[in-house]
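Go by the hints and put chain B onto chain A.
Listed below are the residues making up each chain.
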Amino acid sequence: MPKDNGIGASTKRREDVRFLTGAGNYTDDVNVYGQAYVHFLRSDVAHGRISKIDTSAAEAMPGVVRIFTGKDFEGIGGLPCGWQVTDRHGAAMKEPGHPVLAQGKVRHVGDPIAAVVAESLAEARDAAEAIEVEIEDLPAVVDMKAALESGAAKVHDDLDDNLCYDWGFVEENKEAVDKAISEAAHVTTLELKNNRLVANPMEPRVAVGDYSAANDESTLFTTSQNPHVIRLLMGAFVLGIPEHKLRVVAPDVGGGFGTKIFHYAEEAFCTFAARQLKRAVKWTSTRSEAFMSDAHGRDHVTKIELALDADNNFTAIRTETYANMGAYLSTFAPSVPTWLHGTLMAGNYKTPLIYVNVKAVFTNTVPVDAYRGAGRPEATYQLERVIDKAARELGVDPIALRRQNFITEFPYATPVAVEYDTGDYPATMDKLEEIADIKGFAARRAESEKRGKLRGLGVNCYIEACGIAPSNLVGQLGARAGLYDAATVRVNATGSISVMVGAHSHGQGHETSFPQVVAEMLGIDESMVDIVHGDSSKIPFGMGTYGSRSIAVCGSAMVRATEKIINKAKKIAAHLLEASEADIELKDGQFSVAGTDKSVAWGDVTLAAYVPHNYPLEDIEPGLEETAFYDPANFTYPSGAYACEVELDPETGKVTIERFAAADDFGNIINPMIVSGQVHGGLAQGIGQALLEDCAYDETGQLISASYMDYAMPRADDVPFYAVDHSCQTPCTHNPLGVKGCGEAGAIGSPPSVINAVIDALHSGGHSHVTHIDMPASPSRVWAAMHG
Amino acid sequence: MQMSDSREVDAPREVVWAAILNPEVLKECVPGCTEMTGTPEDGFQATVVQKVGPVKATFKGNVVVSERDEPNSLKLSGEGKGGAAGFAKGGATVRLEENGAGTLLHYDVEANVGGKLAQLGSRIIDGFAKKMADQFFTRLQEAIEGPQDPEEAAETEATPGDKKKGWFKRLVT
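Going line by line, the protein sequences match chains A and B. First residue of the first sequence: 1, per the working numbering; consecutive thereafter. First residue of the second sequence: 1, per the working numbering; consecutive thereafter.
Accuracy of the hints is not assured; some may be wrong.
Which chain B residues stay away from chain A? Per the calculated CB distances, all over 12 Å, these [unchecked claim]: (1) GLU28; (2) LYS89; (3) ASN112.
With a straight-line cut-off of 25 Å between C-alpha atoms, the simulated DSS-like cross-links for lysine-lysine are [unchecked claim]: (4) A/LYS52 x B/LYS27; (5) B/LYS89 x A/LYS52; (6) A/LYS154 x B/LYS89; (7) A/LYS564 x A/LYS587; (8) B/LYS56 x B/LYS89; (9) B/LYS60 x A/LYS52; (10) A/LYS145 x A/LYS193; (11) A/LYS94 x A/LYS154; (12) A/LYS587 x A/LYS571; (13) A/LYS105 x B/LYS60; (14) B/LYS89 x B/LYS131; (15) A/LYS105 x B/LYS81; (16) A/LYS174 x A/LYS52; (17) B/LYS89 x A/LYS105.
Pair by pair, the computed Cβ-Cβ distance ranges are [what the hints assert, rightly or not]: (18) B/ASP126 x A/ARG480: 43 to 49 Å; (19) A/TYR708 x B/GLU70: 47 to 53 Å; (20) A/HIS186 x B/GLU110: 46 to 52 Å; (21) A/SER780 x B/GLU41: 47 to 53 Å; (22) A/ARG715 x B/ASP126: 25 to 31 Å; (23) A/TYR708 x B/GLU110: 28 to 34 Å; (24) B/LYS56 x A/VAL532: 45 to 51 Å; (25) B/LYS131 x A/LYS71: 24 to 30 Å; (26) A/ARG125 x B/GLY53: 19 to 25 Å; (27) A/GLY240 x B/GLU110: 47 to 53 Å; (28) A/ASN31 x B/GLY53: 32 to 38 Å; (29) B/ASP126 x A/LYS71: 37 to 43 Å; (30) B/LYS56 x A/ARG14: 45 to 51 Å; (31) B/GLU110 x A/SER780: 21 to 27 Å.
I should point out that these hints are in silico values taken from the structure, not numbers from a laboratory. Quick reminder that beta carbons are idealized off the backbone N, C-alpha and C, glycines included.
Chain B on its own, in the form it takes in the complex:
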């Protein structure tokens, strides 16, 4: 399956760029991610627990960062193996455009599944992948900007002065 979308992020491109390549950020943003280690240079190792329709599994895999053109674009690609559940693999090309003081983040995602995931989950995989991508980029946006929802913001330990900043932006600014 393939999908494309874009988001406005209220932060300069350099901040967004750094966030995408930070394993802590990735761990927070990848839905179901329980472990994320590594570096952009050597790639990341990830463990993700996800349920696709009737198939629940722990996926372990590598994410490779390539075609890095800081701070304009990069490509993320990876494959997660879920043992008896099969595998998921895919890639995302991310482009960052200046958008006033902020950034317009474009992404093109391609994803494939195999094994039991395909056999049992093919009907729902498109919707699932779209949901995963939406969640990822929403969380990324939140990590950078802070939560969109004021109630949710109140639940975090954010101080009034940091209200407009996400935890990652606080970290780097």
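The following block holds chain A by itself, in its conformation from the complex:
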């Protein structure tokens, strides 16, 4: 019988009650007495020099409190970048300034030029129209390769060119890789694009800055995945506010997907303006603003070569990637195409030699940073597409070619610096073949063909590095932060528990799954445990939620803190039971003396801790509250195998997804239902990328897909009922829960199988000249490829 409490129970998400009944408390629900409203005047050209800003007419408009421009931010720090990449030649990446409001130049459509603070939002918007801005147009660079040509317009005048860095990994392997490729029996080459995406969380970004002059305290309410990181970056690097005078609160957040990790100009502005004006200042992004101010994702152009020997063993991989940084370096942008991408190029395969080259390029576009998967989807896509192409070229079964090259012994040190602790790739592939009913595909294809449709099957594997991250390792790789996490377990007098966690839940269901762990460890009911998160004044200094790290890193901290609680509670119980501490056992919420029927209940122990009348005060302190910080020893390595079946209408080029199966190995699982939900969401986003979503700029740098009329989000009828399985479990060896993380897998693992399936469908219809279609595989692209 399935468990109904603790680890392994599919407990329904308690937070959904408030989300589904309109009782959530999102940042836009936060209203501070006397607040003013801010509207940002944003650049509508991609690149230009600001020759004049005249705010005098606007300042005279009704309701205007104050208008800020770049001048107000002279001498104030710009937005910092949290990761420094060192290039192939040992030089630091180029790190141009990132002002809160434009200084002298605008560098992308949406770059904020001025901010109008007014009594109402309508007045702020009206006044913004009265600001006179003259911008001398400059040529915009949009295409990455064109941006690197000599004579290209420079996004940043103080840099030599538009190259942020030219990264080689592992540089020492380059010659050996070149040699292996030149000597290979077969080399498959593929050039592809990983399309630019906009994360589009349901809740747009919001910032409310507040200031209490009486005690010189600032508060920022913001839609963030990591309030402590924002407090550190904004307090220390931008505004110079000591951390004890700055509180950052991220209440209910309606989806993040990475785009709410970063420290944004609007957050710094609202905090700054509230201090200047001594009143609260609120900004709520419109959807249009979100398209041109939220960090975008992906946008890589890659050439990958896969070398094989005469027996079809992979011998080497070489890649060259252009990665778009946009106009400025967003908080973690430099890490995405490098350490989150290059280190994953081994995938699930024992390729002995790998060389990855990445050129990061500044362009006059919105900054690009982590989006669900961040670097790992880009790695997976290239690798799994080129393997499929190689199988086709060699005339071998794509599943068999993968199986032949699987890593089978663990731990496995890849040639790209990471060491996989566990995995069982043949087992996940076996499971996939079962749940996808690969054997039945031929019959389904024949049935489709009867109806005049082409049917294709695409398969891929993936591996990801999650549980981000070992601080000492990422420090060596250029991170300017540690990536541990923290939890405080506060046991109340009557035995209920509040756990203050550094992780932030914005859809992941932490409020349900985290209590399951504590309840399991103590043998009490989950309902006795609540999670507190998202408020820097309430929680210990944790690093937030991204990179599928919450349960693996923060969950581990929570386990460590709970272990401390158990140790102390056993001391109290031993005292109450007049027994030796070594003989105390905790089971089902009862402390008992081994081998006797003497026991004391959890609640009696916790009450004794706070009403210490009969208590070993000479040995231990009263109270029952413990904090632990946890720094992981390694990344975790979730893996899986996915299969997609598409039907393609040869008349129109329209592709529909008929079946999708995902067999994942996430190690141990806390709440199977939540894990399935995470996979479902990731699959929808991966399918969205593969078939629908595309963030497009025209050649002048105008963003031309900035609404849901032009940016096609996946809808319910674009995705099938998924077959999802996570019964293959090789527990992580280095964290106490044996968990690996599941948040990004669906988005990482699904795009290649969709495109592999589309190519397979086209080949079955005789269109064997089509070896690749860039994402999104829209009907027009598919149709053009068929007839190209």
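Just chain B, lined up with the frame of chain A:
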């Protein structure tokens, strides 16, 4: 976007030339134009109200006349700012060729949009620009020649003798 087209106008080149440079004519002919002032020498100032897909805005801007080679060719270029709606800018090179007693008017138009217009209206901007140009030159032709459609002509205050003339041609002949 770019487009080219030509039209036969039943008037001599000098008349067509003068019409193109007359702010009153331009105001009548530019779709949505509510104000047009200025001179060919100093440029024109225009206010145009237009709706592009979901974006409706009042555009204010300047039109500069350059490369004037009377009565053969000229270039019109301008930029209209629509505040929060973004901007539209573009130019038209107009060539006038003798065509019997009339004129063959060639035009090459180039137009760009930016800001919200590009973000929300890019799918429809080509069609929109073509419609704007068509309307402009149709109205110009009508202003010079008189309406093509007899019913529409009857609605104007045209007298029988003026039936073949547009209001501008009446003005100058």
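Hint-by-hint comparison with the structure:
no., hint, in the structure
1, GLU28, "28 Å, holds"
2, LYS89, "9 Å, violated"
3, ASN112, "6 Å, violated"
4, A/LYS52 x B/LYS27, "30 Å, violated"
5, B/LYS89 x A/LYS52, "20 Å, holds"
6, A/LYS154 x B/LYS89, "24 Å, holds"
7, A/LYS564 x A/LYS587, "16 Å, holds"
8, B/LYS56 x B/LYS89, "16 Å, holds"
9, B/LYS60 x A/LYS52, "18 Å, holds"
10, A/LYS145 x A/LYS193, "13 Å, holds"
11, A/LYS94 x A/LYS154, "13 Å, holds"
12, A/LYS587 x A/LYS571, "15 Å, holds"
13, A/LYS105 x B/LYS60, "24 Å, holds"
14, B/LYS89 x B/LYS131, "16 Å, holds"
15, A/LYS105 x B/LYS81, "19 Å, holds"
16, A/LYS174 x A/LYS52, "50 Å, violated"
17, B/LYS89 x A/LYS105, "21 Å, holds"
18, B/ASP126 x A/ARG480: 43 to 49 Å, "47 Å, holds"
19, A/TYR708 x B/GLU70: 47 to 53 Å, "50 Å, holds"
20, A/HIS186 x B/GLU110: 46 to 52 Å, "49 Å, holds"
21, A/SER780 x B/GLU41: 47 to 53 Å, "48 Å, holds"
22, A/ARG715 x B/ASP126: 25 to 31 Å, "27 Å, holds"
23, A/TYR708 x B/GLU110: 28 to 34 Å, "30 Å, holds"
24, B/LYS56 x A/VAL532: 45 to 51 Å, "48 Å, holds"
25, B/LYS131 x A/LYS71: 24 to 30 Å, "43 Å, violated"
26, A/ARG125 x B/GLY53: 19 to 25 Å, "20 Å, holds"
27, A/GLY240 x B/GLU110: 47 to 53 Å, "49 Å, holds"
28, A/ASN31 x B/GLY53: 32 to 38 Å, "34 Å, holds"
29, B/ASP126 x A/LYS71: 37 to 43 Å, "40 Å, holds"
30, B/LYS56 x A/ARG14: 45 to 51 Å, "46 Å, holds"
31, B/GLU110 x A/SER780: 21 to 27 Å, "25 Å, holds"
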